[in-house]
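Below are the chains, spelled out letter by letter.
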Amino acid sequence: MTTRIGVVTFPGSLDDQDALRAVKLAGGEPVSLWHRDKDLHQVDAVVLPGGFSYGDYLRCGAIARFSPVMSTIIEQAKAGMPVLGICNGFQVLCESHLLPGALTRNDHLHFICRDQRLRVENNNTAWTTDYAAGQEITVPLKNGEGGYVADERTLDELEAEGRVVFRYLDVNPNGSRRDIAGITNAAGNVVGLMPHPEHAVEALTGPTTDGLGFFTSAIKKLVNA
Amino acid sequence: MTDDKRHLDTTEHAAKTPDTEQPWSELGLKEDEYDRIREILGRRPTGAELAMYSVMWSEHCSYKSSKVHLKQFGEKAPESDAMLVGIGENAGVVDVGQGYAVTFKVESHNHPSYIEPYQGAATGIGGIVRDILAMGARPVAVMDPLRFGAADHPDTRRVLPGVVAGIGGYGNCLGLPNIGGEVVFDPCYQGNPLVNALCVGVMKHEDIHLAKASGVGNKVILYGARTGGDGIGGVSVLASETFDAEGPAKRPAVQVGDPFQEKLLIECTLEIFREKLVAGIQDLGGAGLSCATSELASAGSGGMRVELDTVPLRDNTLSPEEILMSESQERMCAVVEPDKVDRFLEICEKWDVIATVIGEVTDGDRLEIYWHGEQIVDVPPRSVAHDGPVYQRPYARPEWQDALQADDANKLPRPATPEELREQVLRLVASPNQASKAWITDQYDRYVLGNTVLAMPEDGGVIRIDDDTNLGVAVATDGNGRYAKLDPYTGAQLALAESYRNVAATGAEPLAVTDCLNFGSPEDPAAMWQFAEATRGLADACQQLGTPVTGGNVSLYNQTGDLAIHPTPVVGVLGVIDDVTRRTPMAFAEEGQLLYLLGDTREELGGSAWSQVIHDHLGGLPPKVDLERERLLAEILVSASRDGMVDAAHDLSDGGLVQAVTESCLRGGKGARLVVPDGIDPFVFLFSESQGRAVVSVPRSEEVRFNDMCGARGLPATRIGVVDGDSIEVQGQFSLPLAELREAHEATLPALFA
Amino acid sequence: MARVVVDVMLKPEILDPQGQAVQRALPRLGFEGIADVRQGKRFELEVEGPVDDAVLARVNELAETFLANTVIEDFTVRVEETATA
Amino acid sequence: MARVVVDVMLKPEILDPQGQAVQRALPRLGFEGIADVRQGKRFELEVEGPVDDAVLARVNELAETFLANTVIEDFTVRVEETATA
Ligand SMILES: Nc1ncnc2c1ncn2[C@@H]1O[C@H](COP(=O)(O)OP(=O)(O)O)[C@@H](O)[C@H]1O
Ligand SMILES: [Mg+2]
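Residue numbers (the UniProt record's numbering), protein chains in the order written: chain A, 1 to 225; chain B, 1 to 754; chain C, 1 to 85; chain D, 1 to 85.
Please note that a few of the clues may not be correct.
With a straight-line Cα cutoff of 20 Å, these simulated EDC-like cross-link-like pairs (lysine to aspartate or glutamate) come out [said to hold, decoys possible]:
| no. | chain 1 | residue 1 | chain 2 | residue 2 |
| --- | --- | --- | --- | --- |
| 1 | C | Lys-41 | D | Asp-74 |
| 2 | D | Lys-41 | C | Glu-64 |
| 3 | C | Lys-41 | D | Glu-48 |
| 4 | C | Lys-41 | A | Asp-107 |
| 5 | C | Lys-11 | A | Asp-107 |
| 6 | C | Lys-11 | A | Glu-136 |
| 7 | C | Lys-11 | D | Asp-74 |
| 8 | D | Lys-11 | B | Asp-315 |
| 9 | D | Lys-41 | C | Asp-52 |
| 10 | C | Lys-11 | D | Glu-73 |
| 11 | C | Lys-41 | D | Asp-36 |
| 12 | A | Lys-24 | B | Asp-468 |
| 13 | B | Lys-276 | B | Glu-346 |
| 14 | D | Lys-41 | C | Asp-74 |
| 15 | C | Lys-41 | D | Glu-80 |
| 16 | B | Lys-437 | B | Asp-152 |
Partial selection, computed: residues in chain D whose CB lies under 8 Å from chain C [what the hints assert, rightly or not]:
| no. | residue |
| --- | --- |
| 17 | Met-1 |
| 18 | Gly-33 |
| 19 | Asp-36 |
| 20 | Gly-40 |
| 21 | Leu-45 |
| 22 | Val-47 |
| 23 | Asp-53 |
| 24 | Ala-54 |
| 25 | Arg-58 |
| 26 | Phe-66 |
Between beta-carbon pairs, the in silico distance windows are [as the list claims (entries may be wrong)]:
| no. | chain 1 | residue 1 | chain 2 | residue 2 | range |
| --- | --- | --- | --- | --- | --- |
| 27 | A | Thr-209 | B | Pro-716 | 35 to 43 Å |
| 28 | C | Glu-64 | A | Glu-152 | 21 to 29 Å |
| 29 | A | Ala-187 | D | Glu-13 | 30 to 38 Å |
| 30 | A | Leu-169 | B | Pro-677 | 37 to 45 Å |
| 31 | D | Glu-13 | B | Pro-398 | 40 to 48 Å |
| 32 | B | Glu-420 | C | Pro-12 | 52 to 60 Å |
| 33 | C | Gly-33 | B | Lys-30 | 50 to 58 Å |
| 34 | B | Asp-579 | A | Leu-169 | 32 to 40 Å |
If you're looking for bench data, these hints aren't it; they were derived computationally from the structure.
Even glycine gets a Cβ: it sits at the ideal position worked out from N, Cα and C.
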């Protein structure tokens with residue numbers, strides 16, 4: 001039985017096709033989900049892709065959060081379904097309060113696209129078991145509002161509970177607090193990060209293939225579940 | 001309502017009031033043009049008709065000064081099986097094999113970007129993307145050839161960051177990878193920055209769509225954004241008039257782009273194409289509805305009737321004239337068979353796109369527009385869209401041209417010692433024009449869609465278009481205003497040669513051309529001469545290289561007062577690569593590989609980067625063009641890629657060999673040891689800008705085979721060194737650590753603009 | 001038709017890079033004596049019908065759940081007395 | 001220390017995609033009766049010393065040349081009476 005991984009398309013989603021391709025390359029069955037459709041079509045996991053849902057107007061992810069599909073995803077995520085939010089998807093997860101904190105304008109005020117080195121701090125989440133703890137990976141990063149912020153108490157809590165999943169290395173590209181690139185919820189099934197693993201799945205088009213592990217992790221976990 | 005009607009200038013009213021004064025001159029029409037409109041209509045035009053004619057007969061829309069020269073692109077077009085749709089449509093279409101067709105085009109948004117850099121540049125991207133979409137293609141990449149004033153001028157600090165943010169803001173939000181472009185600084189662009197934008201789209205042959213309204217009874221559907229008061233008269237005012245310091249401060253309404261709306265428009269339109277719901281389609285760009293309705297009707301078989309009051313408005317106070325002229329962005333116009341209208345509207349609803357039936361195709365031959373039931377336009381559409389005025393503008397070689405060419409750059413003082421040579425290399429690679437453009441290009445998403453195989457700073461952008469077969473295309477754009485100033489005929493050919501070479505350097509076979517011709521005022525005989533020469537040069541060169549011009553754009557009046565920009569033909573070349581996995585990158589990455597210089601190096605410093613950076617000099621003749629050599633070089637580069645004989649290739653252009661080697665070394669993080677070949681002066685070796693050259697990195701195992709191939713085909717190939725170490729060392733001259741070069745090359749733009 | 005204005009500002013403890021960029025640019029433009037700059041958003045809502053307490057309560061809720069992200073932002077709601085220029 | 005507020009809004013004839021996006025989302029959130037939404041910027045400047053006419057004139061100039069892009073935006077300058085929450 002293949003693992004069905006859904007990728008949501010909101011109006012303004014951009015990296016949905018890339019995420020579907022990544023799922024396929026990782027050996028899963030990619031399933032397109034539509035923002036107006038509450039039905040998740042029996043997927044085992046969901047990816048909220050990058051892009052500019054609703055033009056990123058108001059705040060990134062603020063409008064997408066209220067879409068019909070999100071009401072089901074929020075419910076399912078709370079019940080333990082693996083959910084990965086990439087870039088805009090991370091912003092949607094924060095706006096939905098599935099993950100704490102928020103993403104703000106990059107401190108240098110520019111959109112930035114670069115190959116970013118990261119450290120995998122937690123390899124126990126649904127999306128990171130195929131990495132070694134402390135492994136360093138390089139995947140593209142591209143955002144204008146990727147500065148991760150949360151109050152000190154929340155940050156301390158995240159650190160203490162090992163919920164910082166990825167940290168920026170070399171350069172902090174957006175002013176994120178404590179170099180945080182990605183986090184997880186307490187249960188470890190919901191993960192959000194700003195960099196784009198789905199753009200690092202083929203040597204031909206990505207800087208590395210380091211991103212494939214996200215998708216193979218989820219697939220293995222679900223197959224073994 | 002009655003009040004409204006009393007003031008409405010209907011066709012009936014116009015016929016009865018022949019002597020009413022009309023503001024034709026304020027709308028940019030000349031007296032004889034106004035007279036011609038009266039003649040065409042057999043009466044005075046209504047206000048709405050006058051608005052339409054004025055905007056459609058502007059330089060920007062009618063090409064009235066350039067048409068007689070542009071003809072050559074068709075007349076001299078080389079035989080090419082690849083051309084599926086040629087000049088005259090929204091964009092040309094090229095066959096790239098396996099049933100795929102590619103469409104690409106470059107356009108200017110120069111004047112709007114000077115007034116409001118962010119929105120001007122953003123809507124430039126939006127406009128060219130809609131052109132590509134209108135052909136039936138999915139847009140897959142954009143590029144942005146840019147020209148600014150002096151890098152350290154305070155106004156450049158206003159214009160450049162705004163333009164770059166606008167291109168990024170719009171293109172990133174559309175999800176189109178930016179795969180290349182140009183950034184050039186020169187004081188001649190101070191009051192006239194050039195913002196050109198190129199888009200590439202892909203479709204299957206059977207998906208090609210054309211802009212024509214046929215089939216009596218078919219419905220005309222306007223869809224996308226609501227119509228507002230944006231850029232009313234923008235086309236004629238912004239694009240056709242020189243900025244005059246003396247004149248009244250014109251602050252024309254600028255258009256504001258909504259990339260999110262455009263993204264929806266793209267997805268919605270592609271879904272509509274998939275279901276084969278449109279008979280004809282046209283994007284709304286300059287001149288808005290005036291342009292779309294008249295062009296669709298003109299190209300079709302029948303007439304068209306439009307109920308203008310059905311157009312969804314953002315601002316209910318707009319007059320019918322304003323609605324016709326509005327340049328509100330993110331709108332398209334489609335012609336749809338009646339039984340397909342419901343499905344069309346359904347798909348629009350799915351994508352939250354507003355769509356309205358505004359009219360239908362009639363069996364007459366007139367374009368008729370109604371406002372609350374009364375006729376306000378009744379014109380032969382061809383007279384608006386295609387049979388505008390045509391001018392034979394006088395042109396003459398400027399009297400200063402001889403003196404400029406006599407001021408020979410080859411006679412400039414040269415570095416006398418190795419230390420001086422070293423110092424000039426550092427200054428060259430750090431100069432704004434030669435420095436790394438990463439500060440700019442890092443603001444563009446190059447990864448989205450997951451098909452980017454090569455992107456800036458590579459010679460050309462390469463996009464995969466089929467996941468299974470690995471078919472791909474390469475695109476490059478180039479232009480050198482300095483060369484063109486010295487000799488516009490040669491300059492235009494050099495622009496083509498460079499772009500062609502860049503495409504070949506990636507391993508792709510050059511196929512077709514698009515161009516954006518940026519020049520000064522056509523009313524100035526000198527600027528007009530430059531235009532005529534450049535056009536002739538480009539047409540001749542395209543013929544010789546076998547790469548037809550498929551479409552493009554002309555931007556005139558790029559001047560402030562009497563001061564015109566350098567003549568700046570920007571040329572985009574599209575190439576095809578049957579297997580993108582064999583693309584050739586530019587990075588020298590493997591220690592021990594051999595460096596070969598392909599082509600001949602002569603003493604050619606006219607218009608060179610060296611003459612600008614070291615001597616602030618522009619004079620002499622540009623480098624010689626040899627198109628047969630360019631073709632041979634391209635063949636070698638493509639063969640070498642196909643047979644795996646080279647691991648890296650980088651074409652030589654402005655800055656010469658030392659610039660190219662620096663870029664390839666920095667990209668690969670490896671140094672190089674160079675030996676100056678016998679019989680050539682080290683300075684000329686490093687800085688000359690002789691054309692038809694490239695540097696390649698050859699694995700030792702391939703050296704014999706590669707040499708044999710070049711020898712057999714008669715291309716000079718000189719071994720000039722080896723990839724090695726962490727500095728660039730020119731034997732007997734100097735050594736420059738990569739770290740020092742990197743600092744010089746990469747710090748310049750951030751220091752100026754961050 | 002009445003106008004209700006919602007102002008949304010980043011909480012004081014959250015870094016405001018846009019405001020800071022403005023502030024840093026001031027000396028270059030020859031402006032001294034400005035100790036701090038914060039940049040936020042202003043929403044103008046044109047409300048149909050009279051703006052009574054019930055309407056204001058609903059706009060408050062709208063601001064709280066949608067216009068502002070209260071994790072990082074504060075907001076104020078008020079009825080606009082004077083028209084903007 | 002006094003606070004001067006500069007409100008910057010797109011001119012009425014200029015498209016406001018952000019405001020429109022917010023407005024379009026309202027019905028989905030169950031908010032009816034809002035005819036139009038415009039989104040602009042709010043700058044809070046903390047001025048050292050008293051805010052007299054000279055200071056206001058200078059802030060006006062700052063707004064005109066820097067905070068607003070008067071090609072597409074209008075602005076208002078005022079001294080804030082009440083503190084924001
Ligand atoms: N420099 C040029 N070279 C070749 N074709 C050109 C050039 N300038 C304009 N054209 C062609 O003339 C036609 C009209 O151009 P344009 O008005 O820019 O198109 P659109 O109406 O789609 O904006 C197009 O087919 C365009 O490709
Ligand atoms: Mg067009």
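How the hints compare with the structure:
With a C-alpha separation of about 15 Å, the suggested pair C/Lys-41 and D/Asp-74 falls inside the 20 Å cut-off, and the hint holds. Between the alpha carbons of D/Lys-41 and C/Glu-64 the distance comes to roughly 18 Å, so the proposed pair stays at or under 20 Å and holds. For the proposed pair C/Lys-41 and D/Glu-48, the alpha carbon gap of about 24 Å is over 20 Å, so the pair is violated. The suggested pairing of C/Lys-41 with A/Asp-107 holds, with an alpha-carbon distance near 18 Å, which does not exceed 20 Å.
Between the alpha carbons of C/Lys-11 and A/Asp-107 the distance comes to roughly 16 Å, so the proposed pair stays at or under 20 Å and holds. As the CA atoms of C/Lys-11 and A/Glu-136 are separated by approximately 34 Å, the hinted pair breaks the 20 Å bound. With a C-alpha separation of about 26 Å, the suggested pair C/Lys-11 and D/Asp-74 falls outside the 20 Å cut-off, and the hint is violated. Restraint check for D/Lys-11 and B/Asp-315: the C-alpha separation of about 12 Å stays at or below 20 Å, so the hint holds.
Restraint check for D/Lys-41 and C/Asp-52: not satisfied, since their Cα atoms lie roughly 26 Å apart, outside the 20 Å limit. Between the alpha carbons of C/Lys-11 and D/Glu-73 the distance comes to roughly 26 Å, so the proposed pair goes past 20 Å and is violated. Taking the CA atoms of C/Lys-41 and D/Asp-36, the gap is about 16 Å. The hint holds against a cut of 20 Å. For the proposed pair A/Lys-24 and B/Asp-468, the alpha carbon gap of about 13 Å is at most 20 Å, so the pair holds.
A distance of roughly 14 Å separates the Cα atoms of B/Lys-276 and B/Glu-346; the hinted pair therefore holds under the 20 Å criterion. Between D/Lys-41 and C/Asp-74, the direct Cα distance comes to roughly 15 Å. Compliance with the 20 Å bound is thereby established for this hinted pair. Our distance criterion of 20 Å between C-alpha atoms is met by C/Lys-41 and D/Glu-80, whose separation comes to about 16 Å. Between B/Lys-437 and B/Asp-152 the CA atoms are separated by roughly 15 Å; this keeps the pair inside 20 Å, and the hint holds.
Evaluation of the D/Met-1 hint against chain C yields a held restraint, the C-beta minimum of about 6 Å falling below 8 Å. Checking D/Gly-33 against chain C by beta carbon gives a least distance of about 5 Å; that is within 8 Å, so the hint holds. The criterion of a C-beta within 8 Å of any C-beta in chain C is met by D/Asp-36, whose closest approach is roughly 4 Å, and the hint holds. Proximity of D/Gly-40 to chain C holds as hinted, the smallest CB-CB distance being about 5 Å (cut-off 8 Å).
Taken as an interface hint, D/Leu-45 checks out: its beta carbon lies about 5 Å from the nearest beta carbon of chain C, inside 8 Å. Given hint, D/Val-47 at the interface with chain C, holds; its Cβ is 6 Å from that chain's nearest Cβ, closer than 8 Å. At its closest, the beta carbon of D/Asp-53 sits 15 Å from a beta carbon of chain C; the interface hint therefore is violated under the 8 Å criterion. Annotation: interface hint on D/Ala-54 violated; nearest CB of chain C at approximately 11 Å, more than 8 Å.
Because the closest C-beta pair between D/Arg-58 and chain C is about 7 Å apart, less than 8 Å, the hint holds. Taking 8 Å as the C-beta contact cut-off toward chain C, the hint placing D/Phe-66 at the interface holds, the least distance being around 6 Å. The hinted range of 35 to 43 Å is satisfied by A/Thr-209 and B/Pro-716, whose Cβ atoms lie roughly 40 Å apart. Taken as a hint, the range 21 to 29 Å holds for the pair C/Glu-64 and A/Glu-152, whose Cβ atoms sit roughly 23 Å apart.
For the hinted restraint 30 to 38 Å between A/Ala-187 and D/Glu-13, the CB-CB distance of approximately 51 Å leaves it violated. Distance hint for A/Leu-169 and B/Pro-677: a CB-CB separation of about 44 Å, consistent with the stated range 37 to 45 Å. Taking the beta carbon of each, D/Glu-13 and B/Pro-398 are about 43 Å apart, inside 40 to 48 Å as hinted. A beta carbon spacing of about 57 Å between B/Glu-420 and C/Pro-12 agrees with the range 52 to 60 Å that was offered as a hint.
Look at C/Gly-33 against B/Lys-30: about 55 Å separates their beta carbons, and that is inside 50 to 58 Å. Evaluation of the 32 to 40 Å hint for B/Asp-579 and A/Leu-169 yields a pass: the beta carbon distance comes to about 35 Å.
Hint check: violations occur at hints 3, 6, 7, 9, 10, 23, 24 and 29; the rest are consistent with the structure.
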